[in-house]
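Colleague: All chains, please: the whole structure from these sequences, using the hints.
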Amino acid sequence: MSDLPKITVISRDGVTSTLEQSAGQATLMQLLFENDQGVEAACGGCASCATCHVYIAEEWVSRLPPREQVEDLLLTYSDHFDSGRSRLSCQISMTSELNGLVLEIAPEE
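Quick note: the sequence shown, position 90, residue 90 per my numbering, numbers continuous.
A few of these clues could be false.
[Stated by the list, open to error] In the DMTMM-like style, the derived pairs of lysine to aspartate or glutamate whose C-alpha atoms are separated by at most 20 angstroms in a straight line are:
| # | residue 1 | residue 2 |
| --- | --- | --- |
| 1 | Lys6 | Asp36 |
| 2 | Lys6 | Glu97 |
| 3 | Lys6 | Glu59 |
| 4 | Lys6 | Glu34 |
| 5 | Lys6 | Glu58 |
| 6 | Lys6 | Glu104 |
| 7 | Lys6 | Glu20 |
[What the hints assert, rightly or not] For each label pair, taking beta carbons as the anchor points, the in silico distance ranges come out as:
| # | residue 1 | residue 2 | range |
| --- | --- | --- | --- |
| 8 | Asp82 | Asp13 | 15 to 21 angstroms |
| 9 | Asp13 | Val61 | 22 to 28 angstroms |
| 10 | Glu58 | Asp79 | 17 to 23 angstroms |
| 11 | Leu4 | Pro65 | 17 to 23 angstroms |
| 12 | Ala23 | Thr76 | 32 to 38 angstroms |
| 13 | Asp79 | Cys43 | 27 to 33 angstroms |
| 14 | Val70 | Ser96 | 22 to 28 angstroms |
FYI, nobody ran anything at the bench for these hints, they're computed from the structure.
Beta carbons: idealized from backbone N, C-alpha and C, even for Gly.
Modeller: Below is the structure:
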């Protein structure tokens, strides 16, 4: 059995797909970007643009590390900020504990 996590992604159009981490994908943003999931990732994962904004399924929110201050600040400026579910996918490390994670790609700004 593979230790690489499988993530369920709901696109902006409501299409659901399952992605599996590939070697070298250190963050959730990389997985989404490299699989053409509509994540621009303009800053390349430096937490300075918020173009990798996603909504984490409610049942997963408490299983992830909390948002850092810089992530919180960027997200609060988003027109689509959800205080409970919004995350920057560049700030979520890919680990086997993410297996089964469900997320939705946030609307573009």
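Colleague: If a hint holds in the structure, say so; if it doesn't, say that too.
Modeller: Verification of the hints:
1. Lys6 - Asp36: holds, 16 angstroms
2. Lys6 - Glu97: holds, 10 angstroms
3. Lys6 - Glu59: holds, 16 angstroms
4. Lys6 - Glu34: holds, 14 angstroms
5. Lys6 - Glu58: The given pair, whose Cα atoms are some 18 angstroms apart, holds under the 20 angstroms limit.
6. Lys6 - Glu104: holds, 14 angstroms
7. Lys6 - Glu20: Holds. Lys6 to Glu20 sits at ~4 angstroms (cutoff 20 angstroms).
8. Asp82 - Asp13: 15 to 21 angstroms: Cβ of Asp82 to Cβ of Asp13: about 19 angstroms, so the range 15 to 21 angstroms holds.
9. Asp13 - Val61: 22 to 28 angstroms: holds, 24 angstroms
10. Glu58 - Asp79: 17 to 23 angstroms: holds, 21 angstroms
11. Leu4 - Pro65: 17 to 23 angstroms: holds, 20 angstroms
12. Ala23 - Thr76: 32 to 38 angstroms: Between Ala23 and Thr76, where Cβ atoms are some 35 angstroms apart, the hint holds.
13. Asp79 - Cys43: 27 to 33 angstroms: With a Cβ separation near 18 angstroms, Asp79 and Cys43 fall outside 27 to 33 angstroms, so the hint is violated.
14. Val70 - Ser96: 22 to 28 angstroms: holds, 26 angstroms
In the structure shown, a violation is registered for the earlier hint numbered 13 alone.
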